[in-house]
Amino acid sequence: MSDGGRIVVSGLTKQYRKVRAVDNLSFTVQSGRVTGFLGPNGAGKTTTLRMILNLVTPTAGKATIGGAPYSQLADPLRHVGAILEASSAHKGRTGRNHLRVICAAAGLPLKRADEALELVGLTPAAKRKFRGYSLGMKQRLGIAAALLGDPKVLILDEPANGLDPEGIRWMRDLLKALAQQGRTILVSSHLLSEMELLADDVIIIAGGRLVKQGTMETVINGLATTERVRVRTPQPQELLKALGTDVTAETGADGALMVTGASAPQVGAAALRASVELHELVAEKPDLEHVFLELTAGKAEIR
Amino acid sequence: MNLIRSELMKIRSTNTWWLFGIGVLFFTGLALLVNLFTGDQQIGEAVRVASEPFQPPGEGAPPFEVDLARRQWELAHDMGRVLRATAANIYTSGQFFGVMFVMLLGALLFTNEFYHQTATATFLTTPQRVKVILGKFATAGIVAGFFWILTTAINLAAGAIFFNAEGYASQLGEWPVIRSILLNGLAFALWGILGVGLGVLIRSQIGAVVTGAVAYVIGSQVVTGVFQLIYFLWIQKDWVIKAAVVWPSVASQVMVSPEQTLIPISQWWVGALVLVGYGLVFGLIGTLITRRRDIS
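Sequences listed follow chains A and B, in order.
For reference, each letter of the first sequence is one residue, going 108 to 410 in the working numbering.
For reference, each letter of the second sequence is one residue, going 16 to 311 in the working numbering.
Next up, chain A with everything else stripped away, as it sits in the complex (with noise of 0.2 Å):
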């Protein structure tokens, strides 16, 4: 079962009446790590998440999980477990109800409600009804939900929006611990820098299509975007003298020199040479966002 968590995508399009919501995507979620799904919004990313879990049916192509469309996985739950937006419980059933009613149609035994509580510190709230959940607690309650089966490949859409930052962190902890335990994580987000510290893979659509996919560090580094280096000193002429002609620079906002050309080492050199003081040293790497913003642009356009 080496690959029992692996996720293809294969082709799949989704046409609604006027919006090609999915346009012919084809990606592969690795088993064992962490997968960071990002797009602007409208990009289809819900969308094909819930063609991935046989919620909306594709007009074209398919998706597996471990080798089987969702549909045909013998017991769903103790695959996949899926945290998606517009997921809810009724709102005059209590927390663990809601999570023992799911047990009951997944031939899971009752008591897994109560650990699926516990382990999402749901605990003291399990007899509450749902209508008198914070948004936090209902988030801990779709988590719990989704861990009912203790499934290898977990499916999260957007599981960061609205939650505070204490909720974030939680979100993210838990998140890091079920990936160490080698589970597949999937998981799409608007947060950036969240996923810049979570996700060992992104895959990137925008429009419906694929944009990039691979490893973090090859998609951040695979721009070849000019280093540049921030320097604050109060000699900034002096600096920019020792360091020649090759290098361009221009001062921030808040005062610091942005120096494009030369290498942080190559900058601390020449101050020293100078005996120039410096205050601050940074080569700026590119991040992210600066490679999202730079990948999709032009592609988000309302459709």
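FYI, nobody ran anything at the bench for these hints, they're computed from the structure.
Keep in mind that this is a model prediction, so the values were computed, not measured.
One should not assume that every hint holds.
Unchecked claim - In silico negatives: residues of chain B with every beta carbon more than 10 Å from chain A: (1) 18; (2) 25; (3) 44; (4) 82; (5) 99; (6) 136; (7) 191; (8) 194; (9) 261; (10) 310.
Unchecked claim - Stretch by stretch, here's where chain A covers chain B in the computed footprint (C-beta under 8 Å, at least three residues): (11) 126-134; (12) 138-147.
Note that CB positions come from ideal geometry on N, CA and C, so glycine has one too.
Since chain A is already given, all that's left is putting chain B on it; use the hints.
Structure of chain B alone, referenced to chain A:
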């Protein structure tokens, strides 16, 4: 089966079941009182008029009025018929509103999934859509059966006391009466299935409940009225009035009426067939739609 167990848990874990239970019990009690009173009247009337001969209406009366009067006289003079009709009426008390509640509960089984956004969880747990909808049909049938047993038990107890007090047998030895009681159970189950189908067709919670209740309560009055209007103004044939059975709420009343009444009605089995037909059609449509629809 896991799915039915899960669906029953869904009902049990909210207020729905006891709110509907109270509704069913209240209307059954009310209907029972009315039926006991009417039964007492009819039996008394039958005893009173037993020796009166038939008197046709005045000269020049149109033939269908003579027919009507003769039928009225015949019906009132058949003591066995009066007793059987009364018994069936009492033992199926509360059917009219009982099956309406069952239908609405069936609709809620489905609309709740969308109103409370639990459809995603339900279909993730059971990706085979057809299994989910069949589970809901079965659950609606089981809950309907429960309500039928509950109301029938109350009706049987009250009916036994009533016939004892009137000085007649309980009529439970009469097949048409037993048949009515059993068919009443079938009516409950079929209305549960109809309700689920209605919920599939009208996904909005409020929409399904209002449509269902209005079509049920007002619909049967309107349909009966329209057919009677056609009868009196246009085609004076019994089958016109009997044709009201095409409306499902009329059909379910017809199938539990063992005897002819003043207003001609179809045979019980016609009502049963009509309702089974509706059950099948709604079940099929519900299954097909559920199988294809995107859940988002």
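Hints and how they fare:
1. The Cβ of residue 18/B sits about 6 Å from the closest Cβ of chain A, inside the 10 Å cut-off, so the non-interface label is violated.
2. Not every C-beta of chain A lies more than 10 Å from that of residue 25/B, the closest at about 5 Å, which undercuts listing it as non-interface.
3. Residue-level check passed: residue 44/B sits 26 Å from the nearest beta carbon of chain A, beyond 10 Å.
4. Listed as outside the interface, residue 82/B is consistent with that label: its C-beta sits roughly 56 Å from the nearest C-beta of chain A, beyond the 10 Å cut-off.
5. The Cβ of residue 99/B lies farther than 10 Å from every Cβ of chain A, with a closest approach of about 44 Å, so its non-interface assignment holds.
6. A beta-carbon of chain A is positioned within 10 Å of the beta-carbon of residue 136/B; the least distance is around 6 Å.
7. The beta carbon of residue 191/B is kept farther than 10 Å from every beta carbon of chain A, the shortest such distance being approximately 42 Å.
8. The Cβ of residue 194/B lies farther than 10 Å from every Cβ of chain A, with a closest approach of about 37 Å, so its non-interface assignment holds.
9. The beta carbon of residue 261/B is kept farther than 10 Å from every beta carbon of chain A, the shortest such distance being approximately 36 Å.
10. The claim that residue 310/B lies off the interface is violated: its Cβ sits roughly 4 Å from the closest Cβ of chain A, which falls inside the 10 Å cut-off.
11. Counting residues of the region 126-134 of chain B whose CB falls under 8 Å from any CB of chain A gives 4; the rule of at least 3 is met.
12. Interface restraint, the region 138-147 of chain B with chain A: holds (6 residues with C-beta to C-beta distance below 8 Å; minimum three).
Checked against the numbered hints given earlier, the structure breaks hints 1, 2, 6 and 10 and satisfies all the rest.
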